[in-house]
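Chemist: Make the full structure from the sequences, and use the hints.
With full-length UniProt numbering applied, the sequence shown covers 1 to 234.
Bear in mind the hints are in silico, worked out from the structure with no lab data behind them.
Even glycine gets a Cβ: it sits at the ideal position worked out from N, Cα and C.
There are no misleading hints in this set.
No farther apart than 20 Å at their CA atoms in a straight line, the calculated lysine to aspartate or glutamate pairs in the EDC-like style are these: (1) Lys177 to Asp94; (2) Lys212 to Glu143; (3) Lys217 to Glu44; (4) Lys227 to Glu37; (5) Lys197 to Glu76; (6) Lys128 to Glu213; (7) Lys197 to Glu67.
What follows is a list of derived Cβ distance ranges for each label pair: (8) Gly90 to Leu68: 23 to 29 Å; (9) Gly34 to Asp61: 42 to 48 Å; (10) Lys227 to Gly133: 17 to 23 Å; (11) Lys164 to Leu132: 41 to 47 Å; (12) Gly90 to Leu59: 22 to 28 Å; (13) Ala231 to Lys78: 46 to 52 Å; (14) Leu232 to Lys164: 40 to 46 Å.
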Amino acid sequence: MKRILLCFLAFQFFGCTELQQVVNQLPQGGPGIGNPEIAQGLREALQMGIDKQVNKLALKDGFFKNELVRILLPEELKKVDKTLRDVGLGNLADEGLRIINRAAEDAVGEATPIFVQAVKGITFYDAKQILLGSDNAATQYLEKSTKTQLYDKFNPVIKNSFQKVGADQIWSNIINKYNSLPLTNDVNPNLTDYTTKKALEGVYQMIAIEEKEIRTKISSRTTELLKRVFALQD
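Modeler: Written out as C-alpha coordinates, the structure is:
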(Lines of atoms letter the chains of each structure in order from A; the text may use other names.)
(Lines give C-alpha, C1' and ligand atoms only; values in the text may rest on other atoms or scores of the structure.)
Protein backbone atom coordinates (compact mmCIF):
# COMPACT_ATOMS: atom_id res chain seq x y z
CA MET A 1 0.00 0.00 0.00
CA LYS A 2 2.86 2.38 0.87
CA ARG A 3 4.48 1.69 -2.49
CA ILE A 4 1.25 2.23 -4.45
CA LEU A 5 0.57 5.53 -2.68
CA LEU A 6 4.09 6.79 -3.32
CA CYS A 7 3.87 5.86 -6.98
CA PHE A 8 0.52 7.69 -7.32
CA LEU A 9 1.88 10.86 -5.70
CA ALA A 10 5.04 10.73 -7.77
CA PHE A 11 3.03 10.40 -10.97
CA GLN A 12 1.19 13.65 -10.13
CA PHE A 13 4.42 15.65 -10.07
CA PHE A 14 6.91 13.89 -12.37
CA GLY A 15 7.05 12.50 -15.86
CA CYS A 16 7.73 8.87 -16.78
CA THR A 17 11.51 9.14 -16.50
CA GLU A 18 11.39 10.78 -13.10
CA LEU A 19 8.73 8.30 -11.96
CA GLN A 20 10.98 5.38 -12.84
CA GLN A 21 13.77 6.89 -10.73
CA VAL A 22 11.41 7.13 -7.74
CA VAL A 23 10.30 3.51 -8.17
CA ASN A 24 13.91 2.34 -8.36
CA GLN A 25 14.55 3.81 -4.92
CA LEU A 26 11.66 1.94 -3.26
CA PRO A 27 12.30 -1.32 -1.29
CA GLN A 28 12.51 -4.13 -3.79
CA GLY A 29 11.48 -7.76 -3.71
CA GLY A 30 8.42 -7.57 -1.47
CA PRO A 31 5.84 -9.35 -3.64
CA GLY A 32 8.40 -11.91 -4.75
CA ILE A 33 9.37 -13.03 -1.26
CA GLY A 34 7.71 -16.25 -0.21
CA ASN A 35 7.16 -17.78 3.20
CA PRO A 36 10.34 -19.94 3.06
CA GLU A 37 12.54 -16.89 2.42
CA ILE A 38 10.80 -14.90 5.16
CA ALA A 39 11.31 -17.81 7.55
CA GLN A 40 14.99 -17.94 6.67
CA GLY A 41 15.26 -14.21 7.29
CA LEU A 42 13.69 -14.63 10.73
CA ARG A 43 16.13 -17.45 11.53
CA GLU A 44 18.99 -15.21 10.46
CA ALA A 45 17.75 -12.43 12.76
CA LEU A 46 17.56 -14.85 15.70
CA GLN A 47 21.02 -16.17 14.89
CA MET A 48 22.34 -12.61 14.99
CA GLY A 49 20.76 -12.29 18.42
CA ILE A 50 22.84 -15.25 19.56
CA ASP A 51 26.02 -14.00 17.91
CA LYS A 52 25.81 -10.39 19.08
CA GLN A 53 23.92 -10.57 22.36
CA VAL A 54 23.76 -14.05 23.89
CA ASN A 55 27.49 -14.66 23.56
CA LYS A 56 28.06 -11.64 25.82
CA LEU A 57 26.23 -13.46 28.59
CA ALA A 58 28.86 -16.21 28.56
CA LEU A 59 31.61 -13.75 29.49
CA LYS A 60 32.61 -13.03 33.08
CA ASP A 61 29.97 -10.72 34.57
CA GLY A 62 27.81 -11.27 31.48
CA PHE A 63 24.85 -11.78 33.80
CA PHE A 64 26.14 -10.29 37.03
CA LYS A 65 26.87 -6.80 35.65
CA ASN A 66 24.04 -6.70 33.10
CA GLU A 67 21.14 -4.96 34.81
CA LEU A 68 18.70 -6.30 32.21
CA VAL A 69 19.30 -9.97 33.03
CA ARG A 70 21.17 -10.07 36.34
CA ILE A 71 19.79 -12.96 38.37
CA LEU A 72 18.49 -11.85 41.75
CA LEU A 73 17.64 -14.08 44.67
CA PRO A 74 14.31 -15.94 44.71
CA GLU A 75 11.73 -14.72 47.20
CA GLU A 76 12.43 -17.45 49.75
CA LEU A 77 16.11 -16.49 49.86
CA LYS A 78 15.64 -12.74 50.22
CA LYS A 79 14.99 -13.23 53.92
CA VAL A 80 18.18 -15.31 54.07
CA ASP A 81 20.12 -12.48 52.44
CA LYS A 82 18.73 -9.86 54.82
CA THR A 83 19.31 -11.98 57.91
CA LEU A 84 22.93 -12.72 56.96
CA ARG A 85 23.59 -9.02 56.43
CA ASP A 86 21.93 -8.16 59.72
CA VAL A 87 24.32 -10.49 61.58
CA GLY A 88 27.43 -9.21 59.79
CA LEU A 89 27.70 -11.84 57.06
CA GLY A 90 27.18 -9.46 54.14
CA ASN A 91 30.27 -10.72 52.28
CA LEU A 92 28.89 -14.25 52.33
CA ALA A 93 25.54 -13.01 50.99
CA ASP A 94 27.28 -11.08 48.19
CA GLU A 95 29.27 -14.15 47.19
CA GLY A 96 26.11 -16.25 47.09
CA LEU A 97 24.47 -13.87 44.63
CA ARG A 98 27.60 -13.59 42.51
CA ILE A 99 28.05 -17.34 42.26
CA ILE A 100 24.49 -17.87 40.96
CA ASN A 101 25.25 -15.50 38.10
CA ARG A 102 28.63 -17.15 37.51
CA ALA A 103 26.89 -20.49 37.06
CA ALA A 104 24.50 -18.95 34.51
CA GLU A 105 27.42 -17.39 32.62
CA ASP A 106 29.27 -20.68 32.55
CA ALA A 107 26.18 -22.60 31.44
CA VAL A 108 25.34 -20.22 28.60
CA GLY A 109 28.84 -20.69 27.21
CA GLU A 110 28.39 -24.45 27.20
CA ALA A 111 24.80 -24.44 26.00
CA THR A 112 24.97 -21.87 23.17
CA PRO A 113 25.25 -24.65 20.53
CA ILE A 114 21.85 -25.88 21.77
CA PHE A 115 20.32 -22.52 20.87
CA VAL A 116 22.08 -22.46 17.51
CA GLN A 117 20.62 -25.83 16.57
CA ALA A 118 17.19 -24.82 17.87
CA VAL A 119 17.17 -21.74 15.65
CA LYS A 120 18.29 -23.71 12.59
CA GLY A 121 15.56 -26.29 13.12
CA ILE A 122 12.69 -23.96 13.98
CA THR A 123 9.70 -24.12 11.63
CA PHE A 124 7.57 -20.98 11.45
CA TYR A 125 3.90 -21.84 10.99
CA ASP A 126 3.24 -18.42 9.44
CA ALA A 127 6.46 -16.54 8.85
CA LYS A 128 4.79 -13.50 7.31
CA GLN A 129 2.44 -13.09 10.27
CA ILE A 130 5.42 -13.20 12.64
CA LEU A 131 7.38 -10.76 10.45
CA LEU A 132 4.54 -8.26 10.61
CA GLY A 133 4.01 -8.82 14.34
CA SER A 134 5.52 -7.14 17.40
CA ASP A 135 9.17 -6.15 17.76
CA ASN A 136 9.96 -9.47 19.46
CA ALA A 137 7.49 -11.74 17.67
CA ALA A 138 10.16 -14.08 16.31
CA THR A 139 11.81 -14.37 19.73
CA GLN A 140 8.43 -15.10 21.33
CA TYR A 141 7.84 -17.85 18.78
CA LEU A 142 11.31 -19.26 19.44
CA GLU A 143 10.65 -19.28 23.19
CA LYS A 144 7.24 -20.91 22.81
CA SER A 145 8.62 -23.55 20.46
CA THR A 146 11.82 -24.41 22.32
CA LYS A 147 11.51 -23.48 26.03
CA THR A 148 10.55 -26.91 27.37
CA GLN A 149 13.12 -28.73 25.24
CA LEU A 150 15.85 -26.22 26.09
CA TYR A 151 15.06 -26.38 29.80
CA ASP A 152 15.59 -30.16 29.76
CA LYS A 153 18.96 -29.69 28.07
CA PHE A 154 19.96 -26.59 29.98
CA ASN A 155 19.16 -27.84 33.49
CA PRO A 156 21.93 -30.45 33.72
CA VAL A 157 24.38 -27.92 32.29
CA ILE A 158 23.43 -25.50 35.07
CA LYS A 159 23.82 -28.28 37.63
CA ASN A 160 27.30 -29.07 36.35
CA SER A 161 28.14 -25.36 36.27
CA PHE A 162 27.11 -25.02 39.92
CA GLN A 163 29.62 -27.72 40.77
CA LYS A 164 32.25 -26.27 38.43
CA VAL A 165 32.18 -22.76 39.89
CA GLY A 166 31.65 -23.97 43.44
CA ALA A 167 28.12 -22.58 43.76
CA ASP A 168 26.72 -25.73 45.33
CA GLN A 169 29.31 -25.67 48.13
CA ILE A 170 28.96 -21.94 48.76
CA TRP A 171 25.17 -22.09 48.92
CA SER A 172 25.24 -25.16 51.11
CA ASN A 173 27.41 -23.16 53.51
CA ILE A 174 25.10 -20.12 53.30
CA ILE A 175 21.93 -22.13 53.94
CA ASN A 176 23.51 -24.09 56.77
CA LYS A 177 24.64 -20.83 58.38
CA TYR A 178 21.14 -19.38 58.05
CA ASN A 179 19.37 -22.53 59.27
CA SER A 180 21.62 -22.59 62.34
CA LEU A 181 20.58 -19.10 63.41
CA PRO A 182 17.96 -18.87 66.17
CA LEU A 183 14.38 -17.92 65.32
CA THR A 184 14.65 -18.84 61.62
CA ASN A 185 12.72 -21.35 59.57
CA ASP A 186 14.83 -23.83 57.60
CA VAL A 187 15.02 -23.29 53.84
CA ASN A 188 16.15 -25.69 51.13
CA PRO A 189 15.54 -24.02 47.75
CA ASN A 190 16.09 -25.70 44.38
CA LEU A 191 18.63 -23.23 43.07
CA THR A 192 19.41 -25.31 39.97
CA ASP A 193 15.82 -25.07 38.76
CA TYR A 194 15.59 -21.37 39.64
CA THR A 195 18.87 -20.45 37.93
CA THR A 196 18.02 -22.49 34.85
CA LYS A 197 14.73 -20.62 34.37
CA LYS A 198 16.35 -17.24 34.97
CA ALA A 199 19.24 -18.01 32.62
CA LEU A 200 16.78 -18.96 29.87
CA GLU A 201 14.80 -15.77 30.46
CA GLY A 202 18.01 -13.79 30.07
CA VAL A 203 18.93 -15.53 26.83
CA TYR A 204 15.52 -14.90 25.25
CA GLN A 205 15.58 -11.29 26.42
CA MET A 206 18.92 -10.61 24.78
CA ILE A 207 17.81 -12.25 21.52
CA ALA A 208 14.72 -10.01 21.59
CA ILE A 209 16.94 -6.93 21.89
CA GLU A 210 18.75 -7.81 18.68
CA GLU A 211 15.49 -8.64 16.88
CA LYS A 212 14.14 -5.20 17.75
CA GLU A 213 17.34 -3.60 16.47
CA ILE A 214 16.94 -5.33 13.12
CA ARG A 215 13.27 -4.41 12.90
CA THR A 216 13.71 -0.74 13.77
CA LYS A 217 17.14 0.14 12.37
CA ILE A 218 17.88 -0.45 8.70
CA SER A 219 21.61 -0.15 9.47
CA SER A 220 21.35 -3.33 11.58
CA ARG A 221 20.26 -5.39 8.57
CA THR A 222 23.73 -6.44 7.59
CA THR A 223 22.86 -9.04 4.93
CA GLU A 224 20.89 -8.85 1.69
CA LEU A 225 18.36 -11.36 3.01
CA LEU A 226 17.66 -9.28 6.12
CA LYS A 227 17.27 -6.16 3.99
CA ARG A 228 14.83 -7.85 1.63
CA VAL A 229 12.75 -9.60 4.25
CA PHE A 230 12.46 -6.81 6.83
CA ALA A 231 11.71 -4.21 4.15
CA LEU A 232 8.28 -5.87 4.05
CA GLN A 233 7.47 -4.74 7.61
CA ASP A 234 8.69 -1.15 7.20
